[in-house]
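Taken in sequence, the protein lines are chains A and B. Using UniProt numbering, the first residue of the first sequence is number 1, and each one after it goes up by one. Using UniProt numbering, the first residue of the second sequence is number 1, and each one after it goes up by one.
Everything labelled a hint here was simulated from the structure, so no lab data went into it. Here the structure is a predicted model, which is why all the values come from computation and not from measurement. Please note that a few of the clues may not be correct.
[Claimed, not checked] Cβ pair distances, simulated, as ranges: (1) B:Phe17 to A:Ile117: 53 to 61 Å; (2) B:Asn106 to A:Phe92: 52 to 60 Å; (3) B:Ala13 to A:His42: 28 to 36 Å; (4) A:Leu45 to B:Ser34: 50 to 58 Å; (5) B:Ser46 to A:Leu45: 55 to 63 Å.
[Stated by the list, open to error] Pulled from the structure, derived: some chain A residues nowhere near chain B, Cβ distances all over 10 Å: (6) Phe41; (7) Trp47; (8) His48; (9) Val61; (10) His67; (11) Phe92; (12) Tyr109; (13) Leu142; (14) Glu157.
No residue lacks a Cβ here, since even glycine has one placed at the ideal position from N, Cα and C.
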Amino acid sequence: MASEMNHNQDFSARFDYLSRNLWSGILFGLGLVAFFDEAVFHQLLHWHHFYDKSTTEIGLVSDGLFHAFSWFATIGGLFLVADLNRRNAFWFKRWWGGMMLGGGIFQLYDGTIQHKIMRIHQIRYVENVLIYDLVWNIVAALMVLTAMSLIFRTGRESKRGNGKIANEQ
Amino acid sequence: MNNNHIHHGSEQAYDLFLLFPFLAAIIIYLLAASITSCRYRKWPLSRTIFWILGILCTALVFVGPIANRAHSDFTVHMLGHLFLGMLAPLLIVLAAPMTLVLRALNVKQARLLTRALKSRPLRILSDPIMTSLLNVGGVWILYTTNLYAIMHDYFLLYFVIHVHVFFAGYLFTISIIYIDPAPHRSSYLYRAITLIMALAAHGMLSKYIYANPPAGVPAAQAEIGGMLMYYGGDLIDLFLIFLLCLQWYRESRPRDISQGTENA
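Please take these sequences and the hints and turn them into a complete structure.
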């Protein structure tokens, strides 16, 4: 009963679930960026497609695996959030850090390895694709940096918070 | 190649004949549900609805306009494939037919059936990796070899392949989601990883079909068919993933600490 009453504001257990907060964010972030890529760039703008002419067999396999994984990750990540919530352990700042990390790393991987090294597809088939590549990868790098800062900060806060609880006891 | 004009003369009688097993399946289920509802807890209406929808989805592929057009139009064929191999199995799993069978049998018969379900051959057959191979592996063979073209020349082969698609889909679904009694259980992680691999293989095949039409299929039909398979598959997979996660969520609820039960 008591736990139901202060369900909305009390996240006292969040220091015990640091990694679950992080992982649910990472999974959801991966899924979100993959979904955004497919919905906006593939389907609305038609900048590139899931099956470009340059696609190799490896591209087909990696895309298939990634798509299946991200589809699962989006749904599974949200179930993990629901689980954290009922344990009074959801920590938005930590989760957001995880989301930026998952989304940023995927975008960076997509923008450097898939686009440039494997040359599976490009962001857009125009002459000066360099500008698109720069924007794409700088945004990705910024996401990863923000994520790192959030993750380290929440890590320190949890150490301090745990110390405070230990002192009180 | 297109042999559906053969039955034109007696088409309606033929359709009625084909419809019979599906009607029987619905009637038997309804009877079992109502009879066992007198003896035990009332059988949920939702399960009955899932059963009727599931059987109708299956019947669509064997009888009627979709079934007839599927011979000549690959896009329609693929729509049928989604119904038969993915949607119908999911609906039928949600209808919990094995639970109903066990309720309808007497104790001695039910014990025999349970023992059969627990047997080693069924352990192997109901392993998620095995069911994925039967399910997705089967359609890979169907669409990447000559089988798809040959299938339309031999009625029996056509029939066997379609029955296989349904049962492989059903086995796959019960190996991932436990609604009926599942004697051979595997961990959530194992099922999640296998499901992802199976979805990936399904997605890859749909893209492969998009670019490499099966023998005898025009490119335009293969493109629409491939996209239908890709996005339709995603939609039904959404429900599979959701149900798997929901079962994990319910099972892993935090329990009272004083009971000392550890759960992860």
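In rising order, the numbers of the hints this structure does not comply with: 3, 5, 9, 10
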